[in-house]
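If you read the sequences in order, they're chains A and B. For what it's worth, my numbering labels the leading residue of the first sequence as 1, then goes sequentially. For what it's worth, my numbering labels the leading residue of the second sequence as 1, then goes sequentially.
Rather than coming from a laboratory, the hints here were simulated on the basis of the structure. Since the structure is predicted, the reported quantities are computational estimates derived from the model, not experimental observations. It is possible that some hints are incorrect.
Treat identical chains as interchangeable: a pair holds within one or across any two.
[Stated by the list, open to error] Derived DMTMM-like pairs (lysine to aspartate or glutamate); straight-line CA-CA distance at most 20 Å: (1) K25 <-> D50; (2) K129 <-> D108; (3) K301 <-> D200; (4) K115 <-> E263; (5) K348 <-> E5; (6) K348 <-> E313; (7) K12 <-> D234; (8) K115 <-> D164; (9) K257 <-> E126; (10) K8 <-> D101; (11) K25 <-> E338; (12) K44 <-> D101; (13) K12 <-> D101; (14) K257 <-> D52; (15) K25 <-> D59; (16) K268 <-> D52; (17) K301 <-> D50; (18) K25 <-> D140; (19) K257 <-> D4; (20) K315 <-> E33; (21) K67 <-> D234.
There are 2 protein chains.
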Amino acid sequence: MIRDELLKNIRKVEPYVPGEQPQKKAVKLNTNENPYPPSPEVRKAFDALDTDAFRLYPDPTAGELVKALAGNFHVGEDQIFVGVGSDDVLSLCFLTFFNSDRPILFPDITYSFYKVWADLYRIPYERPKLNDDFRMIKEDYYRENGGIIFPNPNAPTAIYEELDFIEDILSHNRSSIVIVDEAYVDFAGRSALELIDRYDNLIVTQTFSKSRSMAGMRIGYAVSNPGLIRCLNDVKYSFNSYTMSKAALACGAAAVKDREYFEQNIRKIIETREWAAGELRKLGFVMTESRANFLFVRHPKYDAGRLFSELREEKIYVRHWADERIGQYLRITVGTKEEMRILIDFMKRNTAMS
Amino acid sequence: MIRDELLKNIRKVEPYVPGEQPQKKAVKLNTNENPYPPSPEVRKAFDALDTDAFRLYPDPTAGELVKALAGNFHVGEDQIFVGVGSDDVLSLCFLTFFNSDRPILFPDITYSFYKVWADLYRIPYERPKLNDDFRMIKEDYYRENGGIIFPNPNAPTAIYEELDFIEDILSHNRSSIVIVDEAYVDFAGRSALELIDRYDNLIVTQTFSKSRSMAGMRIGYAVSNPGLIRCLNDVKYSFNSYTMSKAALACGAAAVKDREYFEQNIRKIIETREWAAGELRKLGFVMTESRANFLFVRHPKYDAGRLFSELREEKIYVRHWADERIGQYLRITVGTKEEMRILIDFMKRNTAMS
């Protein structure tokens, strides 16, 4: 127990329980990881690392990784910022760009950490409601604001908005920073990166944790114009010079360079997604049109909370939120076809009984 | 250029230039890295890593590394918190524990990031002056405060205070959190870890970047009582669940377990430090009594700024601050004996001419 006089100056936060780490035999469809390993080039880069050099600090500019990403996206190296997962990048974006008295805007149903970072940094915010089809209403983002952030595709809805939608929000907010969090865009379609030259208020963030099979190495990045990227670097360097380990830099660069493996991997996941979605629909499941590596589904006759628990008993892990608007939905990561078959077989047996 | 209307909400920070990354032939004595590679056990653990499993998120509890550290220090696993270098750990400590309206206290001459984090999180602070011998005056820390932090040994002074000094500060501050930043303690003597059971207001932080030759992997940790460690974890999990990569966890655990290598490595560095200090004294240098892996020296007849530049022309990199109180000092990392000999030979040639 902490004595009261010590306790009074300690930050109060909402308690959090880390995600479940199921045993090996489980079917883990709860954290949107990639079911396939990283590119074989990652192992090669890993083996080639000089561990003796670990005694030295890593390159604070993360040059090797920045260069690989710049080459991949055909932008300047001064247009890339990298961090320890996109959570690190996004958190730093909040700190750097959202310093207004006016509220920042993000959807009511979206990535849960936006609210957390806003609270942490004492940034005011408003959360326009998604409509009944879980879509953003773009006009909600035309009001005065201190910045805008949303994922595309959105999470956990899996819904992707086309670039004209993004562009409408950008053009109505020329005096606000707009961050498009593209954690899942590689499973979706065109990236807002195309708009970066035309909109100097746009920042796009992406991650290695999903489409590049590297959640375990913690790599994320932002792409924007050189001016905004310099602001991110200035803030980062001002309070933490070295964050990316030598191993992360080398493995990350290797992963980016193997484009063919990456594209093949994405194709397989999309194919499995479409197949699994079809099978679940046959069983009566209703769902959004997923453009991510997960499905957002409900069954009209079957309580989601109960289904979640029953799946868990079978060691099939999916995600469920006890929330007013999405409490009847499950979020199911697209795993291998074999994993999805185990899930679907379970659903066949259970929903048939309902 | 960023347009004014965008610029007005962007955080302003003091510009920072990352540390120099000299070429291979240089003698790099500027960032207090360890001149010896990590334990051979680190390479083994590294080679044994399953890179395919990088597709999965790392263990958010960092169990493997926490367990190794707890075993090493004979404390409970619930008494260890790990982070991405001790900068990450310390920054999170500021955020978690320094939430008072009263100022926190740290020395005027000390690790420069304390001031940065206090500014970043809007924590008021006061900086009691070190005395003319660069020692902390413990009575300065007996006044009302919102928390206390100092390194032991202090940086860049290299001065170590014995445990009775630390204990006096702890016992006069039972209602404040006191953080002892022991980045360099392995080169010094007894750690304040001994005091943890007796003082529930004490947090000790250490790092893998110096004595464990792992700056490149970014690992730091805090040790305290279970109550305070839980507060750190609660705050960390509330806004960033996964920070330590799978590679860092495995390599860190391996490094901790090889105690013999670690101790041998420390002994070599201390031996080189004492030898180099003696040689520099023969040349007329004046210095503090170093208990760290660096020397803090000045030459009565030789301007430190000029010496710094001349060394740099010879590709010998040390550290110099253009600061009122320490502007005549250089901070010189203790490298290998060969590296120190190159430095001392240069000093012989140059100070002889003055």
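List of violated hint numbers, smallest to largest: Per hint list: 3, 4, 5, 8, 9, 12, 17, 18, 19 violated.
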